[in-house]
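Q: Letter by letter, the chains look like this.
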Amino acid sequence: MYTKDRSKYPETADGRPQVDLASGRFVKVWQGPNHPGITGNMSLELTLNGDEVVECTTHVGYLHRGFEKLMERRTYMQCFPIVCRIAVPEPDFNEYLFAAAVEELAGVEVPEKADWLRNLSLEMIRLASFLQWIGGQAGAFGFGTIGQWGIANRDYILDLFEELTGGRIYHMFIIPGGVRGDLPEGFRGRARAVMDRIEELLRDMERALLHNAVFKRRSVGLGVITNDMMNHYGVTGPNARAAGITRDIRLDQPYLMYDRLDLDYITAENSDAYDRTKVRLGEMFQSVSLIRQMLDAIPGGGAFHTRLPNPLHWKVPPGETYRRAECTRGEYGYYMVSDGSAYPRRICVRGPSYTHAVALMEEMAVGVNIADIAGLMTSLHTYPPEIER
Amino acid sequence: VTELHDIQTDLTTRFAISEPNLQRPEQLFLTAEPGQTRGLIRELKERHGFTHLVFLTAVDYIEEGRFQLTYMLHNYSLAADIGIRVFLPREETEMESIHDLWAQAATYQRELKEMFGIHFPGSPRVDEEFILENWTTTPPMRREFDTKKYSEETYFPRPGRDGKEPENHMKKKLYPEEL
Chain A
52 MYTKDRSKYP ETADGRPQVD LASGRFVKVW QGPNHPGITG NMSLELTLNG
102 DEVVECTTHV GYLHRGFEKL MERRTYMQCF PIVCRIAVPE PDFNEYLFAA
152 AVEELAGVEV PEKADWLRNL SLEMIRLASF LQWIGGQAGA FGFGTIGQWG
202 IANRDYILDL FEELTGGRIY HMFIIPGGVR GDLPEGFRGR ARAVMDRIEE
252 LLRDMERALL HNAVFKRRSV GLGVITNDMM NHYGVTGPNA RAAGITRDIR
302 LDQPYLMYDR LDLDYITAEN SDAYDRTKVR LGEMFQSVSL IRQMLDAIPG
352 GGAFHTRLPN PLHWKVPPGE TYRRAECTRG EYGYYMVSDG SAYPRRICVR
402 GPSYTHAVAL MEEMAVGVNI ADIAGLMTSL HTYPPEIER
Chain B
0 VTELHDIQTD LTTRFAISEP NLQRPEQLFL TAEPGQTRGL IRELKERHGF
50 THLVFLTAVD YIEEGRFQLT YMLHNYSLAA DIGIRVFLPR EETEMESIHD
100 LWAQAATYQR ELKEMFGIHF PGSPRVDEEF ILENWTTTPP MRREFDTKKY
150 SEETYFPRPG RDGKEPENHM KKKLYPEEL
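Same order as they appear, the protein sequences are chains A and B.
Be aware that the first sequence starts at 52, since it is given in my numbering, and climbs by one per residue.
Be aware that the second sequence starts at 0, since it is given in my numbering, and climbs by one per residue.
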């Protein structure tokens, strides 16, 4: 609930706003569960005074598939094909974190080649996911064309994934112990060609979006996350970097091969929807550069998988761990508890949207024009399935 | 590592801490007493710079008759984590709320109330439904909740489509009385 100046907002009782719809001052509007301005299926219950939002309540649960419960009834190997389904636009982070957590608990060493290939697949999916996001961000402010460019060119990355892993959306490539396959012959050349094309596209997007007067007028000053909100709401990822906070797990706690790659914090100052777009575009350019660096650096040949114990009787020693990685939206993590049996005792998935889409969104939506709610929601880059798991 | 060790030593003077386990050089797990947990978390947040609540979740140890709550806190300047384990009895489970320390804690507590049946008195909207709708039976993330039994009781099997496999098709045509 919005807690600052409430003079024109509904009165509260027991910590809840008392909206008297009969007074004619307020209107209730539901945005979602199916709405182009909502990234996935969740709904916002908006109370309006005129066209201004005075109260926002989020409702989730439309995508609950009980992954965490399902995983308690499956062996570690049977969990592996499930985890990617938690996040459709970027499944690889789930695969990597699940694999990393199991390997840590079981004490499995992974060959360096596998780490390179994991890193490559994480960066490729980051780029693909951002290309999908930018369509939503532009579309929310009325620029449908940019979304079409993004989706069309994302398909070239999906082609690369199909070649590398056999799957376009769910790859099931990063398996505990390593990865499922080596780079196909000629992959590097084709990937470099796709990167050239995408870099050109990103320049076009930058010109068409960031220098557009309408986009600027609507996004500058929208949804400012102030510095004192950062820790209170647990803001991570580009949402924090847009306020100038240098917070990136790839640099702070380097995992995989990030310490051997050349990357930097991409930051901005104003922490509004415009600056968040700018940061994410910068990250897309950085992703292209990282993929190019990796295509040069990945060694040819060599083992890409460790021999595992029989997966049907694989008992993981008791223990608990938490592994994290920087996904497009912020900190993504897996908390895994093993009790020494062949089944995980508990796996908890920590997604950045858990706080960005619920607690933060409820605070940020207040005072925003109803027409900008979709743009605000997309600018936080939230994804409901990681709230519900 | 040394900083985490110093913090652990410092905490031991004022709080009852047991089973410390350095999982990785930058990740420490320790067990705290339920009554002291809120104080411990505040201490870590305000004095030791653990300003980020990564997650709050529960693990069900049904055979021991207790829940484990895990609070994961992160310190950005040390790039280190402390996971606080708290053991609570499975019956009449209640825990102090930390919604005033982090905004997202209220969401986690609402989820734990619904999924495990752990009460957090005073937490905002904690009794509202979060993910489930009209759920009246056992909280579904508890170990005793049987997913298969629930789906068999709640949903009915849908009859399959009429197949056209030659074997069944001919059987049906020639010997309908046998089917």
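Check the hints yourself; a few may be wrong.
[Stated by the list, open to error] Derived DEER-like restraints, expressed as beta-carbon distance ranges: (1) A/V271 / B/P19: 46 to 52 Å; (2) A/T297 / B/W134: 38 to 44 Å; (3) B/L21 / A/A203: 19 to 25 Å; (4) A/L346 / B/N20: 49 to 55 Å; (5) B/N20 / A/V265: 39 to 45 Å; (6) A/L346 / B/R41: 47 to 53 Å; (7) A/D315 / B/E32: 40 to 46 Å; (8) A/E320 / B/E152: 19 to 25 Å; (9) A/S392 / B/E32: 25 to 31 Å; (10) A/G351 / B/E32: 21 to 27 Å; (11) B/Q22 / A/T277: 31 to 37 Å; (12) B/E177 / A/R241: 55 to 61 Å.
Calculated directly from the structure, the hints in this document are not laboratory data.
The C-beta atom is built at its ideal place from N, Cα and C for all residues, glycine as well.
Q: Which of the numbered hints are not met once you compare them with the structure shown?
A: Violated: hints 3, 4, 5, 8 and 10.
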